[in-house]
Amino acid sequence: MTRWPEPCPAPDGAGAIVVGSFPITSGEWFPAHSHTHHQLAWSRRGVIGVAVDDTYWVLPPTRALWIPAGIVHRTGATRGALLSSLYFVPARCSVEWSEPTAVAVDGLLARLIAHLGRDDLTVGARLRAEAVVPDLLRPLPAAPIDVPEPADPRVRAVADALTADPADPRGLDAHARAVGVSRRTLTRLFAADTGMNFDRWRTHTRLRAALPMLAEGQPVSRVAHAVGYATASAFLAAFRRTVGTSPSRYLHGAPPEDPTP
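Counted from 1, the sequence shown has number 140 at position 102 by the working numbering; the numbering is strictly sequential.
Simulated from the structure, these hints should not be mistaken for laboratory data. Predicted model, so just to flag it, every value in this text is computed and none were measured. We put the beta carbon where it would ideally sit given N, CA and C, even for glycine. Just so you know, not all the hints are guaranteed correct.
[To be verified] What follows is a list of derived Cβ distance ranges for each label pair:
1. 221 <-> 280: 19 to 25 Å
2. 233 <-> 129: 45 to 51 Å
3. 137 <-> 161: 31 to 37 Å
4. 162 <-> 202: 34 to 40 Å
5. 63 <-> 176: 38 to 44 Å
6. 159 <-> 133: 19 to 25 Å
7. 225 <-> 152: 49 to 55 Å
8. 152 <-> 209: 46 to 52 Å
9. 165 <-> 270: 33 to 39 Å
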């Protein structure tokens, strides 16, 4: 389900930040769009997803995404959510990030967003509150999950099957037979079309499917089985290997674990 992009109104008066609030129903996505303003996309309630090309971020209320002006993106939710967005006038914004950047959202930033959403602030109160926002934008070190979309119809058929059912247990040989090519040919096509081998692409697809369930608080063991892992420990190992930290630390904005004892 899709609808037109959320609006980005021009700031009134002296302020340089506008707050927008947009309920998103289950399965709803805004089509690809961009803004003339920088955007901080945050879920006040529920879990939202933001996709920029092949890169995908899952945003529970502990995370937000800085989206620079002009970046084409899609925003949606697998279940009902409330998107809260801050829109920054580029000419009056001290944040200079040129790429989408995940940031941590703590209680202070959440309350400040709610405060800026009020329509009864004086000019002085609004300017003082806006001045604090950039200091609270703390980039998160964990990488987003890339799932390149293939163009070759044979690779696309395999990708569609795995996206529809991340727990699909079939290996490369079975998928190759299903699309009428040899294992060697499918291996070559996957690498040429996505820049990844089959196993890595499937891992990324599984982890992307797992994140909304984890963000909703589902047990790791249940999520692991839902996306094709026999045990929770196997899933956690794949997550750490791919993302660089544990699911809990990823979703709650904690720094990466220190690999040294």
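Hints, one by one, checked against the model:
no. : hint                    : result
1   : 221 <-> 280: 19 to 25 Å : holds (24 Å)
2   : 233 <-> 129: 45 to 51 Å : violated (37 Å)
3   : 137 <-> 161: 31 to 37 Å : holds (33 Å)
4   : 162 <-> 202: 34 to 40 Å : violated (54 Å)
5   : 63 <-> 176: 38 to 44 Å  : violated (31 Å)
6   : 159 <-> 133: 19 to 25 Å : holds (21 Å)
7   : 225 <-> 152: 49 to 55 Å : holds (51 Å)
8   : 152 <-> 209: 46 to 52 Å : holds (49 Å)
9   : 165 <-> 270: 33 to 39 Å : violated (49 Å)
The earlier numbered hints that this structure contradicts are 2, 4, 5 and 9.
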